[in-house]
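Each of the two chains sits in its own frame; use the hints to bring them together as a complex.
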Amino acid sequence: MRKIVSKTLKNTLTASLVIFLISCGGGGNDSPPVSVAPTPIPPTPPVSSVLKLNSDQEVVSFLSKMTFGASRGDIEDAINRDASELLSEEFSKPPSYILPFVIDYTDDDVGVQHRSYSAAFWNAMVDGDDQLRQRMVFALSQITVISDLNMGDRPRMNAHYVDALYKHAFGNYKELLKEVTYTPAMANFLTYYRNRDNSDQNPLQTPDENYAREFLQLFTVGVTELNMDGTQKLINGSPVETYSNEDIVGLARVFTGLSCGGIDFWNCEDYDEIAPLVMYQNYHSKNEKKFLGKTIGAYVDGDTAIDQAIDHIFEHPNLAPFIATRLIQRFTASSPTPEYTERVATAFETGSYTSADNVQFGEGVRGDLKATLAAILLDEKFFNGEEKSNTDGKIREPVLKFINWARAFDVGNVFAENEWALLFHARSNEGLGQQPFQASSVFNFYRPGFIAPQTYSGNEGLTAPELQTTHEGSVMGYNDWMLEYVFNSSPARDEAIDSFAPDYSYEVTLAETPDQLSEHLDTLLLAGLMKNTTKERIVTILNEMPIRSDSEENATKDRWNRVAVAVYVAVTSTEFSLVL
Amino acid sequence: MSYINRRRFLKSSSALGFSAGTGLLAALGSSNAFSAEVNGYKALVCVFLKGGMDSMDFILPKDLPSHNALASVRPGMFEAYGVGNGNSSRDIDNILEINALNSNLGGRKFGFSSGVPELQNLFNTGQAAIVGNVGPLIEPTNRTSMNNFSVQLPTRLFSHNDQQSTWMSFGTEGTQSGWGGRLLEPILEADAVSDPVFSAISTAGNDVFLSSTNVRQFLAKGSPSSANILEQNWRLGTGYSSNTAMIALRDHINATGVTSDNLFGKDLIDINRRALRNIETYKSALNNSVGVNAQFPNSPLGNQLRTVANTISARNALNVRRQIFYVAIGGFDTHDNQHTDMPRLETQISTSISAFQNAMVEMGISDKVTLFTASDFGRTAVENGDGTDHGWGAHHLVVGGAVNGQKIYGEIPPYDRGDLAYTGDRGRLIPTTSVDQYAATLGGWFGLDQSELNDALPNLNNFSEKNLGFI
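Heads up: the sequence lines are chains A and B, in that order. Note that the first sequence covers residues 0 to 579 in numbering that gives the first Met the number 0. Note that the second sequence covers residues 0 to 470 in numbering that gives the first Met the number 0.
Bound conformation, chain B alone (with noise of 0.2 Å):
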């Protein structure tokens, strides 16, 4: 039975006195098939950071000696961050140190940039985590075995679309499904109640990460608008009052009634029909909800995070226990002027996720909303003059009241080049955490069990630690 018929099934036989819970799943005779947990509320939200975010120059060294060699690799731009000069948001005094409780350091230490106060907050106060050196991997991966091609890697490394896609979808560009969505599948195939429309929810697009079989993302808008035509009669002049004239209209903006043989009609023909229907469920939602109080940044990933706080506040009205949420900025692309554009996207980075965070814990469900980070690559360790070059592994955020935070999982290699954390003489860091693990971990406490995460996480399997803790 596909999902949408398996759907109809359970909603008619709830009809007929059933109560849409384990009673009706026993029923079914498949308690495999159900096995996620669904009760209660929880959502992820992905901030996906476009460009390939430099994690060396945003997770810091705030030791000596790693500052030193951070320095020594990219003397340009410590240059021109004014490194030196006592003022500068990366001289070793202004970095915003993190108490990490990790006994495995060694004597190093790390922080935020002097920008970044309230990351810094929260990481100290235990609301988030630091994941080092995540990347997509098809097999435990080291630069030996990459250079005896003893390993299978990923395809089309380094290259902005084909990585973007592989972090969402494991797969380079034109992949059809990506790990959101997949994660969704043994959601919704155990969660008869909730409405499917609203469990992926993207404010940034079409990207394939909330796309799978059957799941399909919703585009959430601040202000959302289902045809201003149909909320202004007065376009009609004279016919201002008629009824048959505003049903036309509106069956015209949902596309009711018309066919076509071409595909791509159809296509069009579809989305027109999805979204006259899903705004207005969309926008009542949120009409009849309290909204949050929490100040956003206007920012783009503060107006973004704001639009997923405001749905997160109408869950009820919306009828889903589970959402996974895709948010995008651009970016960081940063080869030259880095030294003016990182302190920019930090600052963007560091209010916008303070700010949801905040918004969380003021509806009361910071410990059931976890929100992570993610991006197309790290950068090179080594600096092109005053920039960096696309990589490979990259460090990352994970935020939320149900955060084990306060603690830097994997690892953060070194700043020395010859180390064999790095491809080659650039620096490009070799991920010792695939991007499978860290979904894993993601994915467990969204509600999946075991057999459900390796279906959706193809490599999985290859990896020994399934869990890596930091939730």
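The following block holds chain A by itself, in its conformation from the complex (with noise of 0.2 Å):
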């Protein structure tokens, strides 16, 4: 149970749908934001499923790819029962929007009150009972990636931003592009916002290329062809190309036109950063739109054009491709295999994902992202019981590894908004090395192909995108940077306040029995894969700790200290960057 201490900070999480419906109600050309229905719950399944969870190990398996990380009641919570009913529940939890935490929020530093969007997602990603959407939100947040590093003094347009991925998150995936595509947020970040064609007045001023482009190259197609397995389609051995930079001319013209909703074209209304934009068709292209062979005649309507040309890429055949091996790599494996990744890019393109116990996700549509997920998260590999290969698993990125801490000690007093570190380090390799929606570009954190150069993994082939972001200088932030969140060290902006406080209370039990100590850590962080190596460096340390007798107040400070020892060796060595 996590306590609020302080009446300073409100914790205004709990989202409030109305607050949310009236702000984004007026001035726009689209619905308002409403909440996801709940699925239907699906038959119960077989008694004797092959995707029942049977032991504690296996719950903290697939809660580690489910989840930000499983904690204790978690794993009581998740034990004897079906993966696949797990993960219906999880697609039923309403999503805890983001915005109204920012409408609220105010702070004299202005500094700070810039960061609360960040804030308020930290905190969702820890706290957060919708766990699978928030892990699919930052899935996503890596796909159609904003970055505020230029804009991080607008945190309602933000917040705004990632309000868009959580809603959609377990929609269909075109939808999400068509909202996207007229969020303020992505519209500054590849600034299409209030783009126009003025080429019948100024034949030399022409619109801007860039959201075409990456749209093209990162959100949907990429920029080769490939097969449903994710390989690249050959030609006589050579990859071949899906599109020209004709095409992205032609698309350019599509994305013309939009800008906030307000008095016209140049002017806005206050409210314009959490709106969605308007498209002024007096700024619209009235040129021909042509790419990926398809024509929008000249004098189309700007929504309509928009609209079609979704819809016409989103029928290209490397969508599925595309966006499976994405999502793959988010959630189970670095380098997924061509057959693996042609299951779930079947469910992309199907819609439909029916599990091993029999239990059906999707609703049949093309790209359905709860089929998507389902085949991603059910796959028969992870039941099956067949041995692992050494070419499986997923290197987890920082923010991965930092939440499962959280969650596991159920950290008290989520409050992001007191954490010096949360809001303003998390980015440097100095800090954790990984702050959500703060890519050093439109092209993430790291890149889906990146094979490290001089690696096993490399050598054999194997895409490692995380091993991109890790080396010397990565390694050690993120040793440190646990170091203060592991001993409750961190530099808080009011002291007064334990915000991030780990319970230790279970384990403290467990502190004058190192060997059962390390066993338990084992469990709950690595579902059972730590090495040997680890366990007896844990016991060894621990029982260089005496527990001094003299009064119980020491003791009670060296059991907890030899606690937190424990948990930092875990959540440092180098098991605990591998799921498997």
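Hints should not be assumed to be uniformly reliable.
[As the list claims (entries may be wrong)] As a list, the in silico DSS-like pairs of lysine-lysine whose alpha-carbon atoms are at most 27 Å apart: (1) A:Lys92 / A:Lys173; (2) B:Lys220 / B:Lys265; (3) A:Lys530 / B:Lys265; (4) A:Lys232 / A:Lys92; (5) A:Lys92 / A:Lys51; (6) A:Lys285 / A:Lys173; (7) A:Lys387 / B:Lys265; (8) A:Lys293 / A:Lys232; (9) B:Lys265 / A:Lys380.
Don't read these hints as lab results, they were simulated from the structure.
Below, the structure written as structure tokens:
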């Protein structure tokens, strides 16, 4: 249970949907965000389900993929249940939107005020009950990337973008793309805000190509033609490019004429940051728009042109394997096998997935993200007991590791707004090494196709995006970051508020039996994959830390200290960086 | 023999009484393989400007016809800059002229904006040169050969990640070796003394520029940590004085004895092992060096170049004779608001590079260290309203005491989009100097001979001019 110890910081995270609807409903030409209708609970599967989680370790293994990590309570709730049922439950949980928090948030420090949306997202990832949706939003934030590095002073606009991802996380990818296209945050980030085609007046002035290019390269089809299993199509041994620069020039004309709702193209109302963009026909290109074999007529109105363009791009055969690969990499495998990729791509393509225990997911429409997620998380390879290959597994990025620690020990006072480090230093290699929504560009923190030179995985041609940001500096930055958090010594803005305080009360009961403590941490944090060397080191070190008997106060302190050291070793072990 | 094995052999040989110099190399009987020149100290510093720097808005026209020509393809941007109001950084009278010694400019004059006096000074004092219209090419290319498909072109032009990769490694994203690393290969072959770990140093992550078969980059930070817990024994409470505990913790940070069958697991173990060992060596070398006094601006580029300068000051302690550094900053993808973003960026470049050059002068090794710029691509001559889009060729800077400065090398084509220098109406420059030629000129100074340069730079043989003469 999380206790609130301060009244100065209000935890308004429990989203007030009413406020949200009022705030977002005016001025836009699009429907206001609505909560996602709960998925009907599927029929009860057979008792002897193949997807049953039979042990604590199996639970932790599954939850390390579906959520940001398991607490002891989560394990108790999930043991002996079917993974498919847990997944259905996640799909039915309402989203915890963050815009209401940002709108209500006030702070005298304008820098902190600006980071309020980031604080809200940290809090939601750590503490939100809708854990799969949180994971999915973090994953989507690495595909349709925005970065606040140059728009950090617009917390409402950024929060509005995050909420668009929450809204569509379990919806359809096409609808997500359409909504994202109309968000002020994306339009500012990829510079098509007030993009116009003036070529009828000034033949020299042509539309900004930025969004058109990255929309094709990064959000939908990628640069070369793909097979359904994610491998490149080769013709005469060479890859085939999916589009030419002419396609970019043609598509750039589509994304013109968008500006804020308000007085006119150049003048906004003050709510412009959190309402969908509006099409101004006078500034929309009056040229014909040709791209990828599609021609949209010269005078088709702007909203229709965008709609038709996205519909057309969405039918590209690359889309399913392209998105499947990226999503798998964010959940379960740094280098997914072609077979696995094809299974997931097929679920995306058909919009439907039936699990091994016969539960059906998805609405049967191309781009269904529930079906896609079910295919990723319930894949047979995680449940059929077959031995792992040495190419399996996902390297966990720093954010996943940090939040796993926070959830495993049920940290209290989840107020990221009280944490200097979470507000300002997570991105740095002196810090955690990763801050959500702060990639250095639309190309994300790392590239999906990154193959690390001079490595075991690289020698086998395995992709390992996360290794692109793993090096001497980042390893030590992470170690030092975790040291402060594990020992509950991270610098707080208000020292009276003990934010992000770990609850080691159960672990303290094992402090005097280091071997049991290390076994417990192995299960809780590593699903049983902790190396014996690491366990032995925990025991060795703890045995060197005597428990004083002169007072209960000292003994309590010493037990807690033992636990902190053991946890530090566990979360900085190399095995904690890999989920299998 | 692999490089590592040869090193071991050399080291053990010197333990037997050889001096690891030319005598031993001759003893190995393969003088051709060791012909790179590795005496004294030399360093190259690559400053990568991510996003595609608009060099047409950086190297500015100072003569009226050229200034008018640029204004005519960028009316919106010039208006946004306030050109004509007398106070604009881009007003022709405010542009800081560079006095190029070239005889081939035909009356054209160039300069930097009024916001970058430091670079004007470096150029006019002969410490900097400009190389015009550089970019990735496979063979000499012009508009005609491009349009009739008679020439092979680099793939995925205009795409950020792929052109960053192509600039660094001659291939699109996923290419495994960059020319920084490739220039170091023959150097390390020839140099049995230096520590290869600190030959390739990045302050900006694992980009491909400094990778190659036997070269791996070390990531340097301004204030490197080698795991705070190893210096905070009080974290162990009652166990604070236990050597056993501290040794176990140290072994843990170093992943000593940890093994994995999983390939990613093996990689993670490797990285942890390298981290502790290399950072401790690096820290101690820095602590035993005087460092630099020169003031650096507190900017992303300034901070990285300060780290490079401090690392260079520790070159003896680090036991290196040839080093290549990679630093990078972002923000150059100026599709819009270029008039607000570019002045900020060019000031950062100017103040940081000038601070770095001052530091090298202060250390007395300015002629041993050469800094050069690189970027994804240049940008369209023709604006899109208040910004520019992805281009191809771009103008670059080379700075250092060894540079034959105060000159413009290569070409700065006119701003007429009808000119055959451009791919078409948007005004994307077709490079007239290839990255291979740019790299070969730097690599030749660095110590590589012609055959080594040909090995390192795959397209070099397609160009007749193999040394541009700027250094």
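Evaluated hints:
1. With a C-alpha separation of about 22 Å, the suggested pair Lys92 (chain A) and Lys173 (chain A) falls inside the 27 Å cut-off, and the hint holds.
2. Simply put, Lys220 (chain B) and Lys265 (chain B) have alpha-carbon atoms about 25 Å apart, close enough for the 27 Å limit, and the pair holds.
3. Distance hint between Lys530 (chain A) and Lys265 (chain B) is fulfilled; the C-alpha atoms sit about 13 Å from each other, no more than 27 Å.
4. Between the alpha carbons of Lys232 (chain A) and Lys92 (chain A) the distance comes to roughly 39 Å, so the proposed pair goes past 27 Å and is violated.
5. With a CA separation close to 21 Å, the supplied pair Lys92 (chain A) and Lys51 (chain A) stays within the 27 Å bound.
6. Of the supplied pair hints, the one linking Lys285 (chain A) and Lys173 (chain A) holds, its CA atoms being roughly 25 Å apart against a limit of 27 Å.
7. Restraint check for Lys387 (chain A) and Lys265 (chain B): satisfied, since their Cα atoms lie roughly 15 Å apart, inside the 27 Å limit.
8. For the hint pairing Lys293 (chain A) with Lys232 (chain A), the CA-to-CA distance comes to about 22 Å; that is within 27 Å, so the pair holds.
9. In summary, the hint linking Lys265 (chain B) to Lys380 (chain A) is supported, as the alpha carbons are separated by about 22 Å, within the 27 Å threshold.
The structure shown violates just one earlier hint, number 4.
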